[in-house]
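Protein chains in written order, with our numbering: chain S, 1 to 199; chain R, 1 to 199; chain P, 1 to 255.
Bear in mind the hints are in silico, worked out from the structure with no lab data behind them.
Fair warning: there could be bad hints in the mix.
Derived DEER-like restraints, expressed as beta-carbon distance ranges [claimed, not checked]: (1) P:Leu209 <-> R:Gly105: 37 to 43 Å; (2) S:Leu45 <-> R:Glu57: 42 to 48 Å; (3) P:Ile222 <-> S:Gly154: 46 to 52 Å; (4) R:Ser78 <-> P:Glu38: 36 to 42 Å; (5) P:Trp232 <-> S:Phe83: 36 to 42 Å; (6) S:Lys147 <-> P:Arg71: 52 to 58 Å; (7) P:Ala63 <-> S:Glu3: 35 to 41 Å; (8) P:Leu209 <-> S:Val75: 40 to 46 Å; (9) R:Thr163 <-> P:Asp30: 25 to 31 Å; (10) S:Phe83 <-> R:His72: 37 to 43 Å; (11) S:Glu3 <-> P:Asp30: 47 to 53 Å.
Simulated pairs of lysine-lysine, BS3-like, Cα-Cα distance not exceeding 27 Å [what the hints assert, rightly or not]: (12) S:Lys134 <-> P:Lys178; (13) S:Lys134 <-> S:Lys120; (14) R:Lys120 <-> S:Lys156; (15) S:Lys134 <-> P:Lys221; (16) R:Lys147 <-> S:Lys76; (17) R:Lys76 <-> R:Lys125; (18) S:Lys76 <-> R:Lys156; (19) P:Lys69 <-> S:Lys156; (20) P:Lys221 <-> S:Lys156; (21) S:Lys156 <-> R:Lys76; (22) R:Lys134 <-> S:Lys165; (23) S:Lys165 <-> S:Lys120; (24) S:Lys147 <-> P:Lys196; (25) P:Lys196 <-> P:Lys178; (26) S:Lys165 <-> R:Lys156.
Cβ coordinates follow ideal geometry from the N, Cα and C atoms, glycine included.
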Amino acid sequence: MDERCRAVAALIFAAESPLTLERLCAIFDCQRADLRPVVDRLLELYPVSQSGFYLAEIAGGYQFRTDPDLGHWLVKLSRDRPFRFSQAALETLAMVAYRQPVTRGEIEYLRGVDSGGVLKTLLDKGFLRILGKKDVPGRPLMYGTSKQFLEFFGLKDLNGLPTLKEFSALDPALDPGAEASPEFPLDIKSEHNSARNGI
Amino acid sequence: MDERCRAVAALIFAAESPLTLERLCAIFDCQRADLRPVVDRLLELYPVSQSGFYLAEIAGGYQFRTDPDLGHWLVKLSRDRPFRFSQAALETLAMVAYRQPVTRGEIEYLRGVDSGGVLKTLLDKGFLRILGKKDVPGRPLMYGTSKQFLEFFGLKDLNGLPTLKEFSALDPALDPGAEASPEFPLDIKSEHNSARNGI
Amino acid sequence: MSIAICLSNFDGPLDLLLHLIKTNEMDISDIQMVEITEQYLSVIEQMKQMDLDVAGEFLLMAATLIHIKSRMLLPAADELEAEEEDVDPRAELVRRLLEYQRYKDAALCLNQFPCVRREVFLRQYLEPDIAGPGTEDPVNVGIYQLAAAFHQLLNATRVEVVHEVVREQLSVADFIHKILDHLQGHAQRSLGDFFKGNASRQELVVTFLAMLELVKMRMLKISQSAEFQPVWLSLSVSEPGVDAGSLKEVGFGYG
């Protein structure tokens with residue numbers, strides 16, 4: 001395979017959506033007639049049901065796809081997938097971890113949204129457990145984190161969680177209490193950081 | 001290719017992140033010894049610099065990636081500028097990678113500058129993670145690199161890091177001229193070069 | 001010698017120092033302190049003249065250099081100090097410079113690896129079989145992300161959280177933790193255990209309040225086999241799982 005052929009394969013491979021011949025022509029700055037044979041060659045090289053994935057012509061473009069007959073295996077991939085935290089789940093888990101024992105009402109007060117569904121998911125996944133009922137009217141359940149929570153995050157115990165102070169200490173600008181009055185002018189450092197802001 | 005081999009290829013191909021042998025074993029409900037040869041076969045079938053993308057061993061798992069020498073074509077796919085590290089970020093990342101678990105104080109001693117901001121950025125970007133608290137007075141947080149760090153630099157594991165140049169401050173034979181050329185472990189350098197030069 | 005140098009090009013004082021040593025082609029293990037110190041100070045001075053702020057770290061290093069230089073200029077030591085003088089005053093600095101150089105090299109080397117979205121690209125398309133129903137953007141999770149999420153939540157509601165201004169000297173929450181810690185790993189402990197030592201009256205009161213709170217939260221069981229027998233305290237949950245700082249006074253109404 002020559003470099004252009006490899007590059008076309010790589011581009012189709014990495015593209016978010018089916019890559020059209022037009023787009024490829026634009027990238028290589030050449031004519032359709034130049035690239036058509038390259039794509040045809042790739043279509044031959046990656047036929048369906050041969051190697052697990054194939055080059056498909058989809059929506060006017062080209063895309064590598066897994067063989068349709070393997071769908072039942074791929075479904076298993078998503079089923080066995082480790083729990084994916086949504087932002088809502090992460091927020092709720094953080095609330096419970098730092099404020100336990102905490103009730104659903106307290107969580108919803110801080111988050112400002114209904115959190116029943118997320119709490120249930122986290123309970124189901126074993127990250128949370130019910131600690132008891134709070135002795136206030138309505139006797140709401142109190143939530144806390146589980147042993148599995150500690151294992152998942154690699155914590156020996158809850159003291160391993162950084163305190164908010166430790167967290168804020170990473171960036172003086174984060175500390176709501178501290179007005180920006182460092183002892184030394186920080187300009188070099190900040191200029192420095194912003195100058196090198198790739199990260 | 002038999003169906004299992006095709007299925008393994010398809011699963012690795014479709015997975016969002018490097019697929020470990022453990023997860024493959026769970027999906028096929030079999031032993032590592034059963035699947036190891038399948039994966040080895042695929043590694044042979046998809047070598048680097050042959051067909052535009054290759055099967056790589058990354059962060060303890062397997063993942064298809066585009067050939068590194070085609071990068072200049074692939075950047076054309078997206079409008080975003082490629083990600084760049086600042087010198088401060090790279091140095092800090094290197095220190096954490098080699099000395100983990102390491103505390104902020106240790107990094108700041110090594111770098112001679114306040115490193116809270118850099119650490120926070122690296123944590124935000126997911127290259128670093130908090131490993132826990134050190135069992136010394138003050139219980140400072142300990143940092144280490146994340147899986148994403150390995151994925152980003154294409155490392156199989158931390159052993160893939162280039163070896164640190166040894167030094168001894170008291171060694172009179174220390175050759176200052178050697179400083180400019182850090183030792184690359186041969187395998188990485190050559191794999192790297194061939195990946196870049198190969199067509 | 002004037003060197004056009006901008007401090008912001010350097011990662012820190014060690015970086016600047018390394019640069020000076022290299023441009024002077026000095027042996028890193030035999031630094032000419034007088035020369036280097038002079039140059040280092042002149043760079044700092046230039047920065048000041050240009051009205052640029054010089055970070056404390058650079059000033060600290062300047063002081064260190066001057067100190068080392070002066071120690072090296074001291075006349076030959078008499079016998080008593082001979083032992084101490086055997087140590088090269090530069091040793092620590094050299095060690096740090098070499099160590100720093102080592103990581104600088106490693107960083108350069110690391111940066112030459114093919115990186116994702118720079119040289120290497122990954123497949124971005126998620127097949128429907130994989131994506132599954134209702135996929136939300138996955139979030140990277142770790143201890144840091146957890147702390148960050150909580151920090152953000154608190155910041156978002158800061159106005160309301162600010163109410164808890166008055167701090168008690170003795171916090172019921174703290175004492176709850178003390179009690180839990182005390183009980184950790186014990187099936188039970190006697191009430192007396194918690195009131196030993198020379199605690200102040202106030203501490204005794206708060207300890208007792210904390211116990212009542214724990215009972216109210218159903219985390220603590222109190223039992224007594226018969227009247228006038230020892231009172232026993234035990235955890236009613238296997239692992240209390242309460243983190244310091246997680247309990248807020250305001251929640252107990254003692255604030």
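Outcome of the hint check:
1. At roughly 38 Å, the beta carbons of P:Leu209 and R:Gly105 sit within the given window of 37 to 43 Å.
2. Checked against the hint of 42 to 48 Å, the C-beta distance between S:Leu45 and R:Glu57 comes to roughly 24 Å, which is inconsistent with it.
3. With their beta carbons about 35 Å apart, P:Ile222 and S:Gly154 fall outside the hinted range of 46 to 52 Å.
4. About 50 Å separates the C-beta atoms of R:Ser78 and P:Glu38, a value inconsistent with the hinted range of 36 to 42 Å.
5. Restraint check, P:Trp232 to S:Phe83: a C-beta distance of roughly 40 Å satisfies the suggested window 36 to 42 Å.
6. Restraint check, S:Lys147 to P:Arg71: a C-beta distance of roughly 56 Å satisfies the suggested window 52 to 58 Å.
7. The given range of 35 to 41 Å is broken by P:Ala63 and S:Glu3, whose C-beta atoms sit roughly 57 Å from each other.
8. Look at P:Leu209 against S:Val75: about 56 Å separates their beta carbons, and that is not inside 40 to 46 Å.
9. Under the hint 25 to 31 Å, the C-beta atoms of R:Thr163 and P:Asp30, about 26 Å apart, fit the expected range.
10. Checking the proposed 37 to 43 Å range against S:Phe83 and R:His72 shows it holds: the Cβ atoms sit about 38 Å from each other.
11. Distance hint check for S:Glu3 and P:Asp30: the Cβ-Cβ separation is about 50 Å, which falls inside the suggested range of 47 to 53 Å.
12. At most 27 Å may separate the alpha-carbon atoms for a hinted pair to count; S:Lys134 and P:Lys178 meet this at roughly 21 Å.
13. At roughly 18 Å between alpha-carbon atoms, S:Lys134 and S:Lys120 fall within 27 Å of each other, so this suggested pair holds.
14. Straight-line distance between C-alpha atoms of R:Lys120 and S:Lys156 comes to about 23 Å, which keeps the hinted pair within the 27 Å bound.
15. Restraint check for S:Lys134 and P:Lys221: satisfied, since their Cα atoms lie roughly 15 Å apart, inside the 27 Å limit.
16. Of the pairs offered as hints, the one joining R:Lys147 and S:Lys76 holds, with about 23 Å between alpha carbons and a cut-off of 27 Å not exceeded.
17. A threshold of 27 Å between alpha carbons decides the hint, and for R:Lys76 with R:Lys125 the separation of about 23 Å falls inside it, so the pair holds.
18. Of the pairs offered as hints, the one joining S:Lys76 and R:Lys156 holds, with about 25 Å between alpha carbons and a cut-off of 27 Å not exceeded.
19. Between P:Lys69 and S:Lys156 the CA atoms are separated by roughly 48 Å; this puts the pair beyond 27 Å, and the hint is violated.
20. Distance check on the hinted pair: P:Lys221 and S:Lys156 sit about 25 Å apart at the alpha-carbon level, within 27 Å; holds.
21. As the CA atoms of S:Lys156 and R:Lys76 are separated by approximately 46 Å, the hinted pair breaks the 27 Å bound.
22. The suggested pairing of R:Lys134 with S:Lys165 holds, with an alpha-carbon distance near 16 Å, which does not exceed 27 Å.
23. Proximity of S:Lys165 to S:Lys120 is assessed by CA-CA distance (about 30 Å); at most 27 Å being required, the pair is judged violated.
24. For the suggested pair S:Lys147 and P:Lys196, the alpha carbons sit about 32 Å apart, so the restraint of at most 27 Å is broken.
25. The suggested pairing of P:Lys196 with P:Lys178 holds, with an alpha-carbon distance near 13 Å, which does not exceed 27 Å.
26. Of the supplied pair hints, the one linking S:Lys165 and R:Lys156 is violated, its CA atoms being roughly 35 Å apart against a limit of 27 Å.
Hint check: violations occur at hints 2, 3, 4, 7, 8, 19, 21, 23, 24, 26; the rest are consistent with the structure.
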